[in-house]
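From first to last, the protein sequence lines stand for chains A and B. Be aware that the first sequence starts at 1, since it is given in my numbering, and climbs by one per residue. Be aware that the second sequence starts at 1, since it is given in my numbering, and climbs by one per residue.
These aren't lab readings, by the way, just hints derived from the structure by calculation. Be a bit skeptical, because a hint or two may be false.
Have a look at the derived ranges for each label pair, beta carbon to beta carbon [stated by the list, open to error]:
| # | chain 1 | residue 1 | chain 2 | residue 2 | range |
| --- | --- | --- | --- | --- | --- |
| 1 | A | PHE50 | B | GLY58 | 48 to 58 Å |
| 2 | A | LEU6 | B | PRO218 | 21 to 31 Å |
| 3 | B | GLY70 | A | LEU70 | 33 to 43 Å |
Only pairs whose alpha carbons sit at most 30 Å apart, straight line, appear in this in silico DSSO-like list of lysine-lysine [unchecked claim]:
| # | chain 1 | residue 1 | chain 2 | residue 2 |
| --- | --- | --- | --- | --- |
| 4 | B | LYS177 | B | LYS159 |
| 5 | A | LYS99 | B | LYS29 |
| 6 | A | LYS186 | B | LYS29 |
| 7 | A | LYS99 | A | LYS186 |
Where a beta carbon is used, it is the ideal one built from N, C-alpha and C, also for glycine.
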Amino acid sequence: MHSPYLRRRITNALAMLLSTLATLVGLAFLAWILWETLRQGISALNLKLFTKITAYGEDGGLANAMVGSLIINFVGIAIATPIGVLAGTWLAEYANRTKLGESIRFLNDILLSAPSIVMGLFVYTIIVLPSTALTHGSTTFSGFAGGVALALIALPVIVRTTDEMLRLVPATLREAALSLGVPQWKLTVQVLIRAARSGIVTGVLLALARISGETAPLLFTAFGNNFMAINPMEKMSSLPQIIYQYANDPGESMHALAWAGAFVITMFVLLLSLVSRLILSRSKVSHD
Amino acid sequence: MSIVSSTDILEQRTRRDARHERLFRWLLKGCALIVLAALLGAAGATLWGGREAFTTFGWHFLVSSEWDPGNDVYGALVPVYGTLVTSFIALLIAVPVSFGIALYLSEVAPAWLRTPVASAIELLAGIPSIIYGMWGLFIFAPFFAEHFKPWLTNNLGNKPDDGQLSWVAEHVPFIGKLFGSDYPFGASILVAGIVLAIMVIPFISSVMREVFQTVPTPLKESAYALGSSTWEVAWNIVLPYTRSAVIGGIFLGLGRALGETMAVTFVLGNSMRLSSSLLDPGTSIASAIANQFSEAVGLQKSALMALAFLLFVVTFIVLLIARLMLRRLASKEGR
Numbered sequence: 001m002h003s004p005y006l007r008r009r010i011t012n013a014l015a016m017l018l019s020t021l022a023t024l025v026g027l028a029f030l031a032w033i034l035w036e037t038l039r040q041g042i043s044a045l046n047l048k049l050f051t052k053i054t055a056y057g058e059d060g061g062l063a064n065a066m067v068g069s070l071i072i073n074f075v076g077i078a079i080a081t082p083i084g085v086l087a088g089t090w091l092a093e094y095a096n097r098t099k100l101g102e103s104i105r106f107l108n109d110i111l112l113s114a115p116s117i118v119m120g121l122f123v124y125t126i127i128v129l130p131s132t133a134l135t136h137g138s139t140t141f142s143g144f145a146g147g148v149a150l151a152l153i154a155l156p157v158i159v160r161t162t163d164e165m166l167r168l169v170p171a172t173l174r175e176a177a178l179s180l181g182v183p184q185w186k187l188t189v190q191v192l193i194r195a196a197r198s199g200i201v202t203g204v205l206l207a208l209a210r211i212s213g214e215t216a217p218l219l220f221t222a223f224g225n226n227f228m229a230i231n232p233m234e235k236m237s238s239l240p241q242i243i244y245q246y247a248n249d250p251g252e253s254m255h256a257l258a259w260a261g262a263f264v265i266t267m268f269v270l271l272l273s274l275v276s277r278l279i280l281s282r283s284k285v286s287h288d
Numbered sequence: 001m002s003i004v005s006s007t008d009i010l011e012q013r014t015r016r017d018a019r020h021e022r023l024f025r026w027l028l029k030g031c032a033l034i035v036l037a038a039l040l041g042a043a044g045a046t047l048w049g050g051r052e053a054f055t056t057f058g059w060h061f062l063v064s065s066e067w068d069p070g071n072d073v074y075g076a077l078v079p080v081y082g083t084l085v086t087s088f089i090a091l092l093i094a095v096p097v098s099f100g101i102a103l104y105l106s107e108v109a110p111a112w113l114r115t116p117v118a119s120a121i122e123l124l125a126g127i128p129s130i131i132y133g134m135w136g137l138f139i140f141a142p143f144f145a146e147h148f149k150p151w152l153t154n155n156l157g158n159k160p161d162d163g164q165l166s167w168v169a170e171h172v173p174f175i176g177k178l179f180g181s182d183y184p185f186g187a188s189i190l191v192a193g194i195v196l197a198i199m200v201i202p203f204i205s206s207v208m209r210e211v212f213q214t215v216p217t218p219l220k221e222s223a224y225a226l227g228s229s230t231w232e233v234a235w236n237i238v239l240p241y242t243r244s245a246v247i248g249g250i251f252l253g254l255g256r257a258l259g260e261t262m263a264v265t266f267v268l269g270n271s272m273r274l275s276s277s278l279l280d281p282g283t284s285i286a287s288a289i290a291n292q293f294s295e296a297v298g299l300q301k302s303a304l305m306a307l308a309f310l311l312f313v314v315t316f317i318v319l320l321i322a323r324l325m326l327r328r329l330a331s332k333e334g335r
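In isolation and in its complexed conformation, chain A is listed as follows:
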């Protein structure tokens, strides 16, 4: 065989080999991370995790952190969902191809990957500082502030999915409703959002998956609390925050607790992404 052909074939074979290798490396790291989380997490699982609070230290569990995480995430989603769905609706139905609409869509994509720790500092400035000043220090950090910080992170995810899903709704549906004399707001609420419902729900689930592992924005907003806190106006613990704290602790048994927390979060996030994928594949619309 002539040498130029040979060289090209070798180059090609090498490139194919390297690209396969790159994929294997990516998958290997995924497997490694998941495997360690499963192994260390399962070996640290026990009933105490769910019944005892973190005040007991290494003899305790993570009950208050789990409850805190649920409350903070709930507050975050409860704030971000209505705002996000309405904003996404505006982008898709009212401001599509207008200048302001396009710029907000564009900025929303930037907010999607903005550093979460800065969002935490933002909420610290607009909620924690004023509430400290107004209540003379009796309310400082709070689960509510943490929820707002998470809402800012969930918001762009929900806006984007709502926007995308509504734009997938066929125009004939809009025309049919408008031809019956339905006002546009009724069309939007009763026809379009209903048609795009499963997509919007997926967006909310994805947003929940995204925020339930967030740590950085909670450090200066919800802060942490070694006791059970139900009132969102109190300092509140959360799983990621307690993982951060325990993993940096020199004690080995604290590390085990941190792994257990990591295991719980990972399972929760993976379950969420699985469920949202199922919903999406059933409604047969594509999503990136």
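We have chain A already, so just place chain B on it with the hints.
Structure of chain B alone, referenced to chain A:
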């Protein structure tokens, strides 16, 4: 009579509908403006919080490597350096690997394998960053310290264990400094870069894969018909066609890497000392804030806010470039 009243009712209803419509429109627009407010607010709040540091130190803040809470003197150089270098290392690793993955998934892999492998890689993107951090701290950093670090310090660094400089450290400039370290643990700028790379690979590779799929099939088939190999089609047809979006994807990854907090904080070692070695511990903007903000008061708090402002502005610009680049391909597609 009855006709008049029914037009009245109709008119009333129209007016009511118009009113509701206006209200609804304003509500929606208000919600959309919250997105804008969040971005402006984050920039404004950190700038306002950091004003004291900016006015006290001026431009010196950006170039000073001093970070001394005892004397209340703060400079941004060490965390800025850590952020930039860790992100640079991350891209250095992640870009070729992501390109390989995207190439494999779009051209090399058998069709039945593509979807499961792509979903598995995307699963990596869904893992919370704190899990990466823990894995890095407890698993990867010790592994690195045991298996890779000795080799690097002995063969490339200027502080080998036996005191004998290797040929590379002696003859190649900078290399010795980059890999010289007498710090015994794994946590270091290099390890943080590697963990970051693993984090951003799924982002970059999924953007690359998506844009590779937008290349018109006739274009690729023409090249194949002329006798191109798979690699030549990828390098000479697919990559030039998608260049702007590929760069956009890389910048998207860079934006993630710059602002990442948890994954880095665990493996950076939290040292505010400037070191030329990649194997020494360091800090980044995000991890300095995470580590110090809750205990900081006065000027230190302001300096951390100022750092956050710098981080926000830099990531904003990087992400802006990313989105503009990505948009260019979308407009070529006529979307």
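Each hint tested on the structure:
1. PHE50/A <-> GLY58/B: 48 to 58 Å: At 53 Å between Cβs, range holds.
2. LEU6/A <-> PRO218/B: 21 to 31 Å: holds (29 Å)
3. GLY70/B <-> LEU70/A: 33 to 43 Å: Given range 33 to 43 Å: holds, Cβ gap about 42 Å.
4. LYS177/B <-> LYS159/B: holds (9 Å)
5. LYS99/A <-> LYS29/B: holds (13 Å)
6. LYS186/A <-> LYS29/B: Holds. LYS186/A to LYS29/B sits at ~16 Å (cutoff 30 Å).
7. LYS99/A <-> LYS186/A: holds (25 Å)
Checked against the numbered hints above, the structure violates none of them.
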